[in-house]
Amino acid sequence: MEKNKEKKQMLFYPDFLFREAVAAVIVVAAILAVTLIWPMKVGDPADPSDTSFKPRPEWYFMAPFYLLKIVPSSLEIIPTVILPPLLFAALIALPFVDRDTERSPKKRPLAMALMAAMVLLTAAFTLLGILS
Amino acid sequence: MLGRIIDVFDRRLKFKEDFKKNVLDHPVPQRINLTYCFGGISFLLYMLLAATGIAMIFFYVPSVDHAFVTVEYITFDLPLGNILRGIHHWSANIMIVVLFLHMLRVYVYGAYKNPREFNWITGVVLFAFVLAFGFTGYLLPWDQKAYWATKVGVLMPQSAPVAGPFISKLLMGGDQLGALTISRFYAVHVAVLPIITVVFLVGHFLMIRRTGIAEPL
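Chains A and B, in that order, are what the protein sequence lines are.
Just so you know, we're using the working numbering here: the first sequence kicks off at 2 and counts up by one.
Just so you know, we're using the working numbering here: the second sequence kicks off at 168 and counts up by one.
Treat the hints with care, since some could be wrong.
Taking lysine-lysine pairs in the PhoX-like style, the calculated list, with each CA pair at most 25 Å apart, reads [said to hold, decoys possible]: (1) B:K336 - A:K9; (2) A:K55 - A:K42; (3) B:K336 - A:K107; (4) A:K8 - B:K318; (5) A:K70 - B:K187; (6) B:K318 - A:K55; (7) A:K55 - A:K70; (8) B:K318 - A:K42; (9) A:K9 - A:K70; (10) B:K188 - A:K9; (11) A:K8 - A:K107; (12) A:K9 - B:K318; (13) A:K55 - B:K336; (14) A:K8 - A:K108; (15) A:K8 - B:K188; (16) A:K70 - B:K318; (17) A:K108 - B:K280; (18) B:K318 - B:K336; (19) A:K8 - B:K183.
If the Cβ cut is set under 8 Å, some of the chain B residues that face chain A in the computed set are [stated by the list, open to error]: (20) S230; (21) F235; (22) I288; (23) W309.
I should point out that these hints are in silico values taken from the structure, not numbers from a laboratory.
All residues carry an ideal CB built from backbone N, CA and C; glycine is no exception.
If we strip away everything but chain B, and leave its shape as in the complex, we get (with noise of 0.2 Å):
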């Protein structure tokens, strides 16, 4: 059944072929070790993010009001809600894990040299996005320690010279942290983050492609 829907469409425009030249026939070394599934699971683990993040979104209210309140709903009353936002926080943890595991074999097998030097740049770029999810992320619940471990992060740019004090305005979207801190924070962690990662990781698994992975050692 499925395999004659494509039909239809590859009939028309012819992508079956490409497909399985250049993603499924694709060679890799067969040598690799274990150490080589990091990458991909990490992709998996932004996947998951991704899905019980959307989910929540469906609930959650970020203002000063609301925000607590609606992950107490989510955590405690929401069917399946508690392992919602476990998946989410477990996931966010590991995530940080892999991918210095991910970076680290990297490194260890200079594979970051030629011609894979743009690789390991976006490499990089995306392991501070994640950084950037994770401070974000961490203020949403709206509790105690999200309140003061933000407070913390958001006043450290506070002793750089000339552009400290307009920076920590920047990140709190004002003179304190509150209701437009919180709705700052939620847009960039459910919107900006999200869609720029996409982009670097588009970036990232085409510039592997061509270059293929570096054979191991």
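Chain A with its partners taken away, still in its complex shape (with noise of 0.2 Å):
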């Protein structure tokens, strides 16, 4: 079986650039069409003595931002100062951590595993912020 799999390749240019470009007009197509919906507003001038105002930020900082929320303030320290570099390092670590050559998903169950895990929980913490 894998044998008769060939490595066939296609050139850069004109093969693969037009797939890009065919998939570049879907995307910018779907901007324009949602800049065109919901045109962009103005909220209020920023006023630095009304503190009863709720922050909210973006939703991608929406995770970080509902941790340190929920979490009791001895605890602050997770959230805001031990979570963001922890999960960068590992990140970075994760090419040399991860050694084996095997790069089936199907023969990586912990990669596998891990990788669900940090997806289900970061949209389960960006989710209840919004909701929030």
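Now that you have both chains on their own, put them together as the hints suggest.
Take a look at the structure:
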């Protein structure tokens, strides 16, 4: 089986670039569509004296923001100082920790389980933050 | 016409053949699927963000007194201003999604493994830069949302031992979120981050050209 799978190749130009261009046209059209459907607005000007305003970050910062909100202040250091650098360090270290050359996801159950857990946790905290 | 202009340069500099060999005719595995486009799409988004961002620099003034009114001007009075800001806003948000999918594809296909470790690392650094772009850009409209969300953000490092208060002060440019914060966020957003991002992008691209993209499984 494996041997029959010939490593066929195509050229960057025009083959690959054409596919990329199709995807690009779709993305640009989508951006233009949402831009026209939901025009940009402005909020109220910043007022440093108005402490009653409830802060809300962009959705992609919602997960750490929500964690910060729910942990007791004695553990505040976990979402603010410990977790973000730790996650980035883990991502950077990944190719040197996981040195097995096996690439098929079916044969990397641990890696796939870790990924699923991380994605689900991040998605859950993001959603909980948005709904809170 | 264009061909003749190119020939004028090529007769002297001889770049056409190298360009064809190294860029256009570069072999790519044929059985790749749609998930392979995310990297290229995020580069496209980066260029859209650069173009719309540069256009807005002409009208935006990064100061406590002018930030809000100039954003208001871009949004409501400048011809095509609303679309300019809209494209910048949506491209930025879609960028996060596309980069996440790009990383996920590379992870699932084990494409970060030898010999592409440094591609993965430059990619992680680029993702961090994009988050920094998002954080610094969010403050610039200087509205209530921007002010109070950024306040939470800049005070986050404060709970760190020893260096915490110093880092917060460094982010704010002083003891409070104000004039100095907005000018340094602006400087980082429109000058520092774009340049270091391009440097890492060039590395990311050159390395993937050398190793070739990971064969589909």
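For each hint, the structure was consulted:
no.: 1; hint: B:K336 - A:K9; verdict: 56 Å, violated
no.: 2; hint: A:K55 - A:K42; verdict: 19 Å, holds
no.: 3; hint: B:K336 - A:K107; verdict: 48 Å, violated
no.: 4; hint: A:K8 - B:K318; verdict: 54 Å, violated
no.: 5; hint: A:K70 - B:K187; verdict: 55 Å, violated
no.: 6; hint: B:K318 - A:K55; verdict: 11 Å, holds
no.: 7; hint: A:K55 - A:K70; verdict: 12 Å, holds
no.: 8; hint: B:K318 - A:K42; verdict: 22 Å, holds
no.: 9; hint: A:K9 - A:K70; verdict: 52 Å, violated
no.: 10; hint: B:K188 - A:K9; verdict: 18 Å, holds
no.: 11; hint: A:K8 - A:K107; verdict: 21 Å, holds
no.: 12; hint: A:K9 - B:K318; verdict: 54 Å, violated
no.: 13; hint: A:K55 - B:K336; verdict: 23 Å, holds
no.: 14; hint: A:K8 - A:K108; verdict: 21 Å, holds
no.: 15; hint: A:K8 - B:K188; verdict: 20 Å, holds
no.: 16; hint: A:K70 - B:K318; verdict: 14 Å, holds
no.: 17; hint: A:K108 - B:K280; verdict: 14 Å, holds
no.: 18; hint: B:K318 - B:K336; verdict: 12 Å, holds
no.: 19; hint: A:K8 - B:K183; verdict: 28 Å, violated
no.: 20; hint: S230; verdict: 12 Å, violated
no.: 21; hint: F235; verdict: 4 Å, holds
no.: 22; hint: I288; verdict: 5 Å, holds
no.: 23; hint: W309; verdict: 5 Å, holds
Of the numbered hints given earlier, the model fails hints 1, 3, 4, 5, 9, 12, 19 and 20; all others are met.
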